[in-house]
Structure formats: C-alpha cells, structure tokens
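Here the protein sequences come in this chain order: A and B.
Under the numbering used here, the first residue of the first sequence is numbered 2, with each subsequent residue one higher.
Under the numbering used here, the first residue of the second sequence is numbered 2, with each subsequent residue one higher.
Bear in mind the hints are in silico, worked out from the structure with no lab data behind them.
Computed from a prediction, not measured in an experiment: that's the story for all the values here.
Every residue, glycine too, gets a C-beta built ideally from N, C-alpha and C.
Certain hints may be false.
As the list claims (entries may be wrong) - Label-pair ranges, simulated between beta-carbon atoms:
| no. | chain 1 | residue 1 | chain 2 | residue 2 | range |
| --- | --- | --- | --- | --- | --- |
| 1 | B | R10 | A | S237 | 33 to 43 Å |
| 2 | B | L105 | A | L238 | 29 to 39 Å |
| 3 | B | V242 | A | L238 | 45 to 55 Å |
| 4 | A | L238 | B | A319 | 15 to 25 Å |
| 5 | A | A295 | B | Q261 | 56 to 66 Å |
| 6 | B | E341 | A | A134 | 52 to 62 Å |
| 7 | A | H357 | B | A330 | 34 to 44 Å |
| 8 | B | R322 | A | E138 | 54 to 64 Å |
There are 2 protein chains.
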Amino acid sequence: MSAPARIMRLPAPLPLDGGGVLDGVDVAYETWGTLDARRGNAVLVCHALTLDQYVTGEINPVTGRPTWWPQVVGPGRIIDTNRYFVICSNVLGGCMGTSGPASLDPDGRPWGLRFPVITIADMVRAQAMLVEALGIETLFAVIGGSMGGMQVLEWIASRPDQVACALPLATAARHSAQNIAFHEVGRQAVMADVDWRGGAYLEAGIRPAKGLAVARMAAHITYLSDSALQRKFGRSLQDRVAPTFGFEADFQIESYLRHQGSSFVDRFDANSYLYITRAMDYFDLAAAHGGHLAAAFARFRGRACVVSFSSDWHYPPADSRTITRAMIAAGVEVSSLEIETDKGHDAFLLDEPDFHAALDGFLAAAARERGIA
Amino acid sequence: MSAPARIMRLPAPLPLDGGGVLDGVDVAYETWGTLDARRGNAVLVCHALTLDQYVTGEINPVTGRPTWWPQVVGPGRIIDTNRYFVICSNVLGGCMGTSGPASLDPDGRPWGLRFPVITIADMVRAQAMLVEALGIETLFAVIGGSMGGMQVLEWIASRPDQVACALPLATAARHSAQNIAFHEVGRQAVMADVDWRGGAYLEAGIRPAKGLAVARMAAHITYLSDSALQRKFGRSLQDRVAPTFGFEADFQIESYLRHQGSSFVDRFDANSYLYITRAMDYFDLAAAHGGHLAAAFARFRGRACVVSFSSDWHYPPADSRTITRAMIAAGVEVSSLEIETDKGHDAFLLDEPDFHAALDGFLAAAARERGIA
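Build the full structure now, drawing on both the sequences and the hints.
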C-alpha cells in the first residue's frame, strides 16, 4: 500500500562537501502513515547502497520485486505505520528518482561523470531539506542499516537537535582498508567494461552490464558470511550430477552469484554505483570531527540503539563497538546489542527474531516516553 | 643461481580426470642441488595459483621480479639446496612453460578454451611423470602452500608410497562455497572483458588485461587479512592531502590494488587463470575417496606437517584442522601447527619466524631419521 511515487524538487540549491552547490535537486521519496498533530511521530528510514525508497508494501513499483523491509515497517509491524509517519527517500546520487549521475543535467543530457562526487553528509543534507519541507522539525527516529546506518550517524552529528532516537544498524563510522578495497574492485570492474565509455554510456544508449554484474558479484560475497554460503550452497552442483569440466556454472554458488549480478544490472545504474560507493569510502565521522569520534556525538541528547551481527565481516561488531564507546564517552544514552547469527551483514534485512525484538522494545519505550500514541 | 630454464616433454600421453589423454605435454621445471647416490634427498616444491617454478635465486628470469621463496629454499636455508635436491615444476595449465591454454596445439595455434579442463590430480600426474623421468622413486618431501598444499595432499592420496614427508601449508582439502564464489568473480571478470573473445585472444594478438586485473584485485584482497590491510594502508591517502572528489586512486589501498592488478597481467595468461582456478574449485579430496577424507590418507605411511595461519580467512585454520583430524583418523604421524600472525593467507610466503622454525625442525628431524647427510 505504498503512496504513489513522489518527487520533491528541493526549494534551494544543495551545498556540497566537495565544494559549490547543486541546483534543482530532485528527491524521490515515499511516506506511510500520518503525521500527528504535534508533528512528533516521524520516522526516517535510511536505505543501504543498492536499496531505495520502497521500504514496504506489496511490491516495488519500479523493479517489480519485493520491497526490502516489509517485516519491520508496516501496519502493526515494529515501525508501525498506524502509529508513525514513516519517510524514506532515495539517496542523492541514486538512480530511483533522486538526482544522480543518471539524471539529466540542465541541458537535458545525462550527467554521467559530470555529476559532482557526493558524500554521506550531502545525502543527509538533501534528506534534511526534504524533512523540513514536509513540516517536520524533529524526527522521532532515524534508522538504517549499512550505508543507512552511516546516514543515521551523520544525522546525529550534524543535526543533533532534530533527532530523538538514532538506530545505526550493521554499520561503521568509517570504511576500513578492506571495505575500500572491495569497493574499488567493483568500481574498476565497471570502468573496465568497454561499454562504460568513460561514464557516458547513457547518451550512447548502452550500459556496462557485464562490469556492473561483476561488481555486484564481488560485493554480494561480502554481504553473506562464509558459513551462510556453506550452509546454503556448499559444494552442491547446479542441475547436474557431475562437474562438466568446463566454465559453465557447475556449482550452485556460481549460478546464484551470476543471477545476483545479472538481475542487479536491470535495476541499478552503473555510475550511481560508482558515486555511492565513493561516498561510503569517503565517510569518516571521526576525521570530520577533529579525529575524535566522541566529538561527533557530543551535541546529541537523544537515545541511540547500536546493533551489530556476530557473523558480519563487512561491518564487523568491532565497528559497532567503536561507535558505542564513542557515544558513551560523549554522554549519549546508548543501548548496544550484538545479535548472534550466521547470516552475515545481510542479517539486518532478514528475519532475526532477537534483532526485531530489540528494535521493538527500544522504539516502544522511546515512543511511550515521548507520548506517541 | 637458478639452473637455466628447462622443459621436459613427458614421455607418454597424460591421462586426464576429465576423460581422454593429452599428448605431447611439456613440463617446465627448475632444480637446485644434487640428487644423492641413494636418490633419497629430493624435495618437490609445489607452487600456488599465480606462482611458478622459479622458487629461489636472484631473480625470476621470465618476469624479472624476485623469486617467491628464497628465504625458505636455498644454500643454508630451511630447504637447504646443499643438502637436498629441490624440484619445482610449473603446473599443468600454467603459463610459464608447462602446457596450458596459452601453449600451441598440435596445429600450432594457441589452445585457448580448447585446452582440456584439468584438475589438481592431473597436475600431480604430470609432476609424477617428471619426477620419475628424473630417476626418483621416492620424494623425501613434498611441500607447498595454498594450491601447492592441495597438490601435496593429492600426492599422498594418489601416490602414498612415493612420499616420505608431506607438508601442506595454508591449504584446504576442498574449496568452500566462499572460495568458489571469489574464483567465479575472477573468472567472470576475465570473461566480461571484450578482449577476452571467448578465450581466443592470443590469435588476435590482444589480451583481456582489464578483466584479468580486476580478477587479480579481488583475489588479492583474500590473500591479506583485514587487520594487515588496515595496518599497512588504513585510510591513508596516496600522494595527496585531501580527497579529490573524483574516481582517481585517492586512497593508498586503491593505488596498491590497481598496481597489483596491472602488474599481474604482464606476467600471467588470462585463460590460465580460468583453468587453474577451476582446478582448485573442483578439488575435493574427500569426495574423491568415497566422502571420507581419512580414506584419502589411509595408505600414506610417511609423516605430515600441517601448518595454518591464524588470520588466514582464505583457507582458515579450520580447514587445516579438518585435514589433521582426517590424518589422525587414518593413523598418519601428523604434526599440526597454527601460527599466530595478522598477515593472512600470504603469511606462508612471508617472514614468519615461528613458521620457519617449525619447517626447519620437522625437516631436520625427518632427514636425520632417513640418514640424509
């Protein structure tokens, strides 16, 4: 039951970390539920790298695939759309309606690599302009996993008075060398594709599908744990009883990865992939606050709930512990939980009863305290 | 002080696991030291995926780069070339002189994808024919890391009477789903390159350099630990004081990976990369012995020394423990050691004093027992 697709043209130019401003920025967003009279029940959901504003509902109207968090957001769910006014916008640099490298520039040509390189803070700045334009001064909660969690952290660092509850999930306050390395492999895979054409493929009516598929395959491995892959696929063969002694997808894991790659290119823009991974690599909340992560949280007086997953090797629990320690040092009222699971990074998107119970408890208590009916 | 490059044409057709035989197989190999009168001091070194027969000496005469194990193999070293007769051959399917997809077929054309898909057992079969042709009935030791370790395991499984000491290092008796997944990403990166041309690039006088570089970059991440990458590179910028807000190699880790990729394509054949990774993915020593790994070691009456490295997430210590447990169950006299290091999989190629001390002790004791002077 999504509302129809909505796009807001930001009312003012968007200042960018890289310098200058971007005029005429469109932000594509969805909302669910109703803003209460006090305008106090808004929940902003921040999406991850390759996700979008279609958080819940029967189906993603653009991709025709399932929405990405229906078990958490919806009527009667943890983020109950009968209780909260839920907002999610496609990130700046994205390709689901918000301005990005696949959008048209003022001359009507696809931006391509002429689109400015953006940061997580730029994404949040665009979100904040949307939220303000919706008439909301303070968000009851900002929640997101992975890159969504980075946005949550940036919100409370740059707009501490506008957030009551922050829920950064399966995330990090900065990318490690290994995180950057995997992203760089993905970017090089895209750029290696002859159809990428220096980023100007849309004008040519083509897409670097093979390169983007390879990028997605490499990234997808990092979203799952070794043991989850072993449990799901092991060394099982795909529709055959013996290896073929060739280079077809003999193993189920090969077939699965190829499918992940080829289905991704149908729904995602290759240049968006470059821009968003770059924004994540650049994110370093401590560096942006004099080298002290606690300084980033010093002005936040709301509550935080930091969640990590034991088998997540993409953003390991240690990354979440770093966030929690800094929040404690900053005097933030923070709850922290490491969920035991073998599902890896993607666990935040999956059915994890302990995780869901924790979200539910934290939000319900905070809502009671703030008198949200 | 390598001997000059040598190639042996195998005296008989090579039977292949995939069926049929391969005629006229060349095996490129190097030797160091002198075979003793009893022909009992031969050590076979088995190389890893992208390495070659140039184990030790001043320089690799083909690549102009350093040799890969000079700190372990050489005069006065752990594998003392004044004491042992050391052999290393380029694996079947390789590209350093042994027959592989870059070799010429009987009609004088590069094999390309018409070369048969080979296995670790096929590689060992070719090595065994070389060893026999050199007049050696029993190898004092067979040693190797990573894919080299797979060859060691295959030697004692298929030729148990021909090996006195087996040293499988940083290896596994079968590839996990995650191992296969990373290899598949590499293969797809090669095949995505328009210059790959269905494997027939050599006839066209071109090479899929970009795709192979991406494959190497992805693989290289798996050879190092997260903490080693963080210690060596962290988030340090490359020759700049601030990010460029572009897609150049801002971070040192990006620059390092790009260098790893581009230098690799100068020394390695893309199709060889496909064939050798496939052989590793197919390797499953338990499956080849009725599903029981212990059965693979049942006829081996020599000694084994199994070494793993604590931060190796490519072939984690658990893989080595599986090997050790099976050897114990098979009644093999096995020593097993997990070396504490943060250097990841590549530790077997690096200066690791505890590792080197263990190799030294194991080999010295075994040599004394066998009366090797």
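Here's how the hints hold up against the structure:
| no. | hint | result |
| --- | --- | --- |
| 1 | B:R10 x A:S237: 33 to 43 Å | holds, 40 Å |
| 2 | B:L105 x A:L238: 29 to 39 Å | holds, 33 Å |
| 3 | B:V242 x A:L238: 45 to 55 Å | holds, 52 Å |
| 4 | A:L238 x B:A319: 15 to 25 Å | holds, 23 Å |
| 5 | A:A295 x B:Q261: 56 to 66 Å | violated, 36 Å |
| 6 | B:E341 x A:A134: 52 to 62 Å | holds, 56 Å |
| 7 | A:H357 x B:A330: 34 to 44 Å | holds, 43 Å |
| 8 | B:R322 x A:E138: 54 to 64 Å | holds, 58 Å |
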